[in-house]
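> Once you've looked at the hints, dock chain Z against the given chain Y.
Heads up: the sequence lines are chains Y and Z, in that order.
Taking the working numbering, the leading residue of the first sequence gets 3, the next gets one more, and so forth.
Taking the working numbering, the leading residue of the second sequence gets 475, the next gets one more, and so forth.
No wet-lab data here; the hints were simulated from the structure.
All values reported here derive from a predicted model rather than from experimental measurement.
Computed cross-link-like contacts, BS3-like style, restricted to lysine-lysine with a CA-CA straight-line distance of at most 30 angstroms:
1. Y:Lys537 x Z:Lys486
2. Z:Lys614 x Z:Lys651
3. Y:Lys428 x Z:Lys698
4. Z:Lys698 x Y:Lys174
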Amino acid sequence: MYTQEMLESIKKVEATREERLKQILAGNHPRRMTAEEKDQVLLENHPDHIKSQFAELKIGPNKGEKVPIELAETLQANPRINPADIDLTKIDYDVDVLVIGGGGAGSAAAIMAHENGANVMIVTKLRHGDANTMMAEGGIQAADKPNDSPAQHYLDVMGGGHFKNVPELVYKLVNDAPVCIKWLNELGVMFDKEADGTMVTTHGGGTSRKRMHACKDYSGAEIMRVLRDEVQNRQIPVVDFTSAIEIIKDENGKAAGAVLMNMETKDILIARAKTVIIATGGAGRMHYQGFPTSNHYGATADGLVLAYRAGAPLLYAYTLQYHPTGAAYPSQIFGALVTEKVRSIGAQLINSEGEAFMYPLETRDVCASSVIRECRRGNGIDTFGGGQGVWLDSPMIEMLHGEGTIEKRIPAMMRMYLKYGIDMRKQPILIYPTLHYQNGGIKIADNGMSDVENLFVAGEAVGGIHGENRLMGNSLLDIIVFGRNAGVNAAAVAKNTVVSDKLNLDHVESFKKEMAEAGIKTDKVSPKLLPNYTKQKDF
Amino acid sequence: MENMVNIYLYGKKYEVPESLTIMNAMEYAGYQLVRGVGCRCGFCGACATIYRIKGQQELKTCLACQTKVEDNMYIATLPFFPLVKQPYEIENVKPTEQIMMQLYPEIYACIGCNACTKACTQELNVMQYIAYAQRGDFEKCAEESFDCVMCGVCSSRCPAGITHPQVGLLARRLNGKYLAPETQHLLERVAEIENGGCEADLQDIMKKTAEELKEMYNNRDFEK
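Same shape as in the complex, but just chain Z:
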């Protein structure tokens, strides 16, 4: 028989197998989830959760799909954060400090408490990437924030009202579009296609019989 533990879902006690994640445990207890569930493997940030172990003081945060239950765990899910998202036109912005000041000026009110980093469900150095954003170092901000799943837990803990996931996302888009080096071979191939340079080969291969195609396929050369 599997070992069981007691957990408290929104304060109510349930007994569940100790091997389960918080998400599985809620379902095992009988919840049919609609909110607070998404990819179920740590990519989508739908299942931000807050918990405390009985007898301890600290409130901890996690993703419900990525965290095992513990005995005497008090659990509350946080399926929605009313975060601020400022619209902008990606074609008409420049990758300078100006844009952050304009869209997310509150980042300059960061008091350095590091609560965001402590709360991050992905163990990212959130305060650091905000510092990079303040300086307009979008490349570093983009790298440091890359694994963000936008669960929003960091923002819920921020005394300065910063919307960290949106700041990281803006920095990444600026980086991807304006700062990362241009890809010459991509531009050349696109031009070639638009000028019809790839058309003849394609039309040719589309005309092959199934047998001819099979023959070609079975004798392909492979890039090492």
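Looking at chain Y on its own, in the form it has when it is part of the complex:
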């Protein structure tokens, strides 16, 4: 259901389509940017470089560093509890390993902790599986083909992250990738395969080899529902609609549990554990810089708050990923993810004049910046509420790969648009960058432990794996690699840990004191737990 102006612009897209297809078939893609051109488009257009949108942290382990204003506010907000009011001797749950978060990383961690003999429990503030994992569409990277290697994968990851990635973490990511694909396959994840078993793999932005494995465009959903089923088969307890609102420590300053809150009754519960794994995911619902988001309803940076108050430093908390192709129209799906796979299988980015203004598979940060620049140059298409977008020329896919390709390879996308009267097989779709991923997060060592002893972190809450920009397909990979890793190591450490009967929240008291000394006065509380959209109509 496009407007008249949009339909006029579509005519221009259609007018150039045949020639563009001809060029592709002849092997002539739009030119890739040079390293200098990339630097420039990023510096001038990427939201990470807008200085006025950042604030300096006044307290905590990263004092003096700049992070997005909204994150600074939540990291330096009031705790939800007064430690003096909490009775830590009344223990509601007593386990070896406590996993906070029921997404892909948390579930993988729980399965491996269980596999390694630990008494493990998951707490999650919504339902088990309500997570960004469920919404990851495009796929999962692994260098498992003869023309590829973990070292080649390493190079792509480092370059994509602007060489800021922590090498030891990248090593683990790429080296464990094939093992993780095998693990998932053996759990029954249905990867797209040829008849002879060869994995169907494609490029993602910034990859030099086709190593994106997929399960149609339900890759994350498929992985998540299998992991959830496995957690249920193992009868690992899952306490749902319960958030963690503070880490609890023992007399030696090691993590030893968490203060929990029932999301409905607001009852406070105490979980004691020998080791704790934070797997709370990302931060899209913080809506940094007012961006819409492709993220899950619960993506509010909770883990960062818990860890920061417990004294764990963050790494690269200033860098966020804006996915180049969020839905820009219609308003009902504003910000929803349009998987990178749409470009992987042939759709180009086209401006209002029908020009393919860039190579469509640059890394996500470059691609998003280039789309923003194109709109700033006046080559965008007006959407609604003052917004703009550019075209993603989806009908090209079927012209390149045959009729039925869209339904077979990206059925979720097709369904999403058909609901609003847009058939992406016949008409291009309008996109604009959407807040997608938290590149930075809590600093960990390669065993998954943060700088706070016995406090492990896995998944999107971790910082450093992806440097300043994550490549497509490395997030589903990261949650499996580092989820499993955290589960194994948290179980091992738990075996050598004696349960403490001197639980305390002293760090929360000190944090409050530090806030007062720094003159921070705020009525905000954190972790945020959920966004509040009441009386709004735009999100």
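This is chain Z only, laid out in the frame that chain Y set:
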């Protein structure tokens, strides 16, 4: 000014912009959602909803995040279904009809009413995939049920007490693990890594200086 419509949330009337989805409309009306909300874009199945348009007879089902409000819509969300899930060990089951008979025997009580298919929020042919499961054709059951978001609406309508989403999930796991062809190149690479065959190259590249890495990165060859 945007056109407004009247909707009834659990029977109570609210006026909301007509462009909103049911989920957005509830928030616009003032609900701070905790239940019945998840990914907000049709993947997670958290927001199963039942509705009826005033003057019409039929009760319809949908996902609240994927459905626009209509004038005179009566809405009730169904954020939780007490569905049956049978535990099993994936390593110790076989992809034969036996396993369905053992875990979900009620599928053989299907009376063919097709209420599941009519209710499906993903427009899947639910009754068909149950029929495939009955026959032990797990490959077809897996394909047909692949887009299931496990919202549970189908089961709520089933007179035979079938837990369709769990049947589909079991079939998919059996298919992915036992029936889909083995991936030779994957097994070979995993063996290579476990035997240390990839280690030297990795250690080598990890030792490169930032400048050397940049040089390599900017001159990569790309698979066509």
